[in-house]
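Chemist: From just these sequences and the hints, can you work out the full model?
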Amino acid sequence: MQYLKNVVTLKLNSDLCSGCGLCAIVCPHAVFEIKNGKAHILDIDDCMECGACALNCKFGAISVKSGVGCAAGILNGILNGTEPSCDCSKENKTSCCG
Amino acid sequence: MRMGIGRDNYIVTPGLYKVGNPDKHSDVLVSANYKLSFDTLRKNLDSLNIWILVIDTKGVNVWCAAGKGSFGTDNVVKSIKKLSLNLIVENRNIILPQLSASGVSAYKVKEQTGFKTIFGPIQAKDIKSFIEAGYKATPKMRKVTFPMKERAKLIPVDLLYSKYKILAIMCTLFLFSGLDRTGFLFSKMIDTGLFPVINVFGAYIAGIVFAPLFLPWAPFRAFALKGAFWGLVITVAINLLFKEPLLELTSLGLLNIGIASFMTMNFTGSSTYTSLSGVKKEMKWAIPFQISLSVTGIILFIISKLV
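Here the protein sequences line up with chains A and B, keeping their order. So for the first sequence, the working numbering puts the first residue at 1; every next one is plus one. So for the second sequence, the working numbering puts the first residue at 1001; every next one is plus one.
Hints were generated in silico from the structure; no laboratory data involved. None of the values given here were measured: they were computed from a predicted structure. Quick reminder that beta carbons are idealized off the backbone N, C-alpha and C, glycines included. Hints may be right or wrong, so weigh each one.
No more than 20 Å apart at the CA atoms, straight line, and that leaves these computed lysine to any residue pairs for SDA-like [what the hints assert, rightly or not]:
{"no.": "1", "chain 1": "B", "residue 1": "K1116", "chain 2": "A", "residue 2": "I25"}
{"no.": "2", "chain 1": "B", "residue 1": "K1143", "chain 2": "A", "residue 2": "I78"}
{"no.": "3", "chain 1": "B", "residue 1": "K1082", "chain 2": "B", "residue 2": "P1014"}
Non-contacting residues of chain B with respect to chain A, defined by C-beta distances greater than 10 Å in every case (computed) [what the hints assert, rightly or not]:
{"no.": "4", "residue": "D1074"}
{"no.": "5", "residue": "L1083"}
{"no.": "6", "residue": "A1106"}
{"no.": "7", "residue": "K1165"}
{"no.": "8", "residue": "S1187"}
{"no.": "9", "residue": "L1246"}
{"no.": "10", "residue": "I1291"}
Modeler: Written out as structure tokens, the structure reads:
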């Protein structure tokens, strides 16, 4: 299953990439592939912006505006004037982030 | 339990746990202190000798905690130092669940503790084969899926989520059913009030049960449209059972689509593949769409009672 097209903020700077492959390991949607010593994005629309790749890229080659894609959380954020927040711990909801 | 009942009893005390008879050469697994995660992990480690480092994620599961920061670099570093892991094991590796990677930066943990983070598979059931294969995961072990069985598990939680709002809408429409050119007729309310209640309940089920359960079936990517689709389907289905005047049916159809669309949009939070940017983009048109459909539906419903 794939979500909306052409919307995610994931960016890869090949010049900084060392080809270590950690992005491909941590990505839960197999967005990256290592070929010829560099990471490549296979299908960017598979990305869910979890941010694992960018957080684990020692070389700063990946950037993504990460967050939880959760409508209730975004609504909470708008209503409270804060950043999107699921608050699963407060509401005892296990569902908000899977 | 998933619904929050007895949640407090489902926290594992943070600390270092033994599985089998681990020694200074054994592997160290890091886990959230959500009891379901911890128990599943333990069950899948039979015949292995392993340390489990349980960190305090406030009883929240790995992925959720990683997203919120409690299963994060700082917490992992703190736990390693606090428990003096460097004195307990001689190796300098820790195995973390892959889904903690959105909270834990492996190279920062290494810098701060000397321990190298190895990201294990997503599912606890694959841990054993991962270790036996020399800390190698197959591509399948690294991919999050969202099969019908997993989606079905999340439905009970969402069913309770908006129960008061939906009851309020049902009561309001039940009352409105008694509206008449002559004022308000109690007998009319009793006679015709059930129809809108059935519709709204149907729309709620369509948005929360049908749309998530048959998620890939609806021909749209946006969750709000998937919900709208199932809202339309349920309206048609209900009309096949109860023949009602066209205007009333149309009004309830609009309301159904609005409600089901909103409910399914909220399922984005439970899904495992929606992005923040995508949900924001969707909501920009979906919220006005849902509000205008619902308001128009309710106005038309009132008109249908007065003409």
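Chemist: Does B:L1246 really sit off the interface, with its C-beta more than 10 Å from all C-beta atoms of chain A?
Modeler: At roughly 33 Å from the nearest Cβ of chain A, B:L1246 sits farther out than 10 Å, so the non-interface label holds.
Chemist: Going by Cβ atoms, does B:L1083 stay more than 10 Å from chain A at every point?
Modeler: holds (24 Å)
Chemist: Are all beta-carbon distances from B:I1291 to chain A longer than 10 Å?
Modeler: Holds, because the least Cβ-Cβ distance between B:I1291 and chain A comes to about 12 Å, which exceeds 10 Å.
Chemist: Could you grab the alpha-carbon distance between B:K1082 and B:P1014 and see if it respects the 20 Å cut-off?
Modeler: Holds, at roughly 11 Å.
Chemist: Hinted pair, alpha-carbon criterion (20 Å max): B:K1116, A:I25. Please report holds or violated.
Modeler: Satisfied, since the Cα-Cα distance of roughly 15 Å is no more than 20 Å.
Chemist: With d taken as the least Cβ-Cβ distance between B:S1187 and chain A, does d exceed 10 Å?
Modeler: holds (40 Å)
Chemist: Checking a non-interface call: every C-beta of chain A should be farther than 10 Å from the C-beta of B:D1074. Is that right?
Modeler: The claim stands: B:D1074 keeps its Cβ more than 10 Å from every Cβ of chain A (closest is about 13 Å).
Chemist: Once the closest CB in chain A is found, is it more than 10 Å from B:K1165?
Modeler: Consistent with the label, B:K1165 stays out of reach of chain A, its closest Cβ about 12 Å off (over 10 Å).
Chemist: Is B:K1143 close enough to A:I78, meaning Cα to Cα at most 20 Å?
Modeler: Since the Cα atoms of B:K1143 and A:I78 sit roughly 32 Å apart, the hinted pair is violated (cutoff 20 Å).
Chemist: Beyond 10 Å on every Cβ pair: is that true for B:A1106 relative to chain A?
Modeler: violated (5 Å)
Consistency note: the structure conflicts with the earlier hints numbered 2 and 6.
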